[in-house]
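Undergrad: Here the protein sequences come in this chain order: A and B.
Residues in the first sequence are numbered consecutively from 1, following our numbering.
Residues in the second sequence are numbered consecutively from 1, following our numbering.
A hint or two may mislead.
[What the hints assert, rightly or not] DSSO-like, lysine-lysine: derived pairs with alpha carbons at most 30 Å apart:
1. B:Lys52 with B:Lys69
2. B:Lys3 with A:Lys57
3. B:Lys54 with B:Lys69
4. B:Lys52 with A:Lys57
5. A:Lys57 with B:Lys69
6. B:Lys3 with B:Lys52
7. B:Lys69 with B:Lys3
8. B:Lys54 with B:Lys3
9. A:Lys57 with A:Lys13
Since the hints were made in silico from the structure, they are not lab data.
Listed below are the residues making up each chain.
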Amino acid sequence: KAGVTQTPRYLIKTRGQQVTLSCSPISGHRSVSWYQQTPGQGLQFLFEYFSETQRNKGNFPGRFSGRQFSNSRSEMNVSTLELGDSALYLCASSYGTSGAFFGPGTRLTVL
Amino acid sequence: LAKTTQPISMDSYEGQEVNITCSHNNIATNDYITWYQQFPSQGPRFIIQGYKTKVTNEVASLFIPADRKSSTLSLPRVSLSDTAVYYCLVGDIDYGQNFVFGPGTRLSVLP
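Let the hints inform the model, and build the full structure from the sequences given.
TA: Shown next, in the form of structure tokens:
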């Protein structure tokens, strides 16, 4: 089975721009979660989607949003980018009570 | 969400068994315990998950005492490639994977 894939792998943006990241979960997995990882804050939960509905949400500003499509693929969007949004963004998928399987991440750099 | 406490760092030598203990005093009835391994600039990799007693797979064992207030990840015969950060997570996975990641345990395996 193919693992979780994330595109793009690397991205450079400037302050004020917006960005959309994509995640394709493992086939059959209906839950997709997003995390932000920075050296200072570590891994922080952004939100989780299940069957196209946001089921859980972390403590991030409204500039961070996401959605899930009927095929379980998910996107997250960050608007009005700030320097502090530079991070590794990780997507994880899961099925039922199995463990979450993470993708390789998208490295976002905001200049 | 239950808070977890684990050692910040550990050193070991190749071929030894490594045990990393995690405390989760306020674990809830529906919470599962999950361990992940992460290498620099990669997404966390699922190692093992359990609810109670002992769980074993091809890479590790997870020991959970009856009161479930702690858990121990056991890595048999570690090698240099096991040098990584190990995260202990506790959560009700029936309602989605929305884990709170702590700083993890940085394991260094020495030759």
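Undergrad: Check whether the Cα positions of A:Lys57 and B:Lys69 lie no farther apart than 30 Å.
TA: 26 Å, holds
Undergrad: Sort out whether B:Lys3 lies within 30 Å of B:Lys54, counting only the CA atoms.
TA: 21 Å, holds
Undergrad: For the pair supplied as a hint, B:Lys3 and B:Lys52, is the alpha-carbon distance within the 30 Å limit?
TA: With Cα atoms ~18 Å apart, B:Lys3 and B:Lys52 stay inside 30 Å; holds.
Undergrad: Verify the proposed pairing of B:Lys69 with B:Lys3, using a straight-line Cα cut of 30 Å.
TA: 11 Å, holds
Undergrad: For B:Lys52 and B:Lys69, compute the direct alpha-carbon distance and say whether it is at most 30 Å.
TA: With a Cα-Cα distance of about 10 Å, the restraint between B:Lys52 and B:Lys69 holds, given a limit of 30 Å.
Undergrad: Taking only the CA atoms, is the gap from A:Lys57 to A:Lys13 under or equal to 30 Å?
TA: Holds, at about 25 Å.
Undergrad: Is the hinted pair B:Lys52 and A:Lys57 satisfied, with a Cα-Cα distance of at most 30 Å?
TA: 28 Å, holds
Undergrad: Going straight from one Cα to the other, do B:Lys54 and B:Lys69 come out at no more than 30 Å?
TA: Status holds; Cα separation ~14 Å.
Undergrad: Please work out if B:Lys3 and A:Lys57 have their alpha carbons no farther apart than 30 Å.
TA: 17 Å, holds
Every hint, counting from the list given before, is met by this structure.
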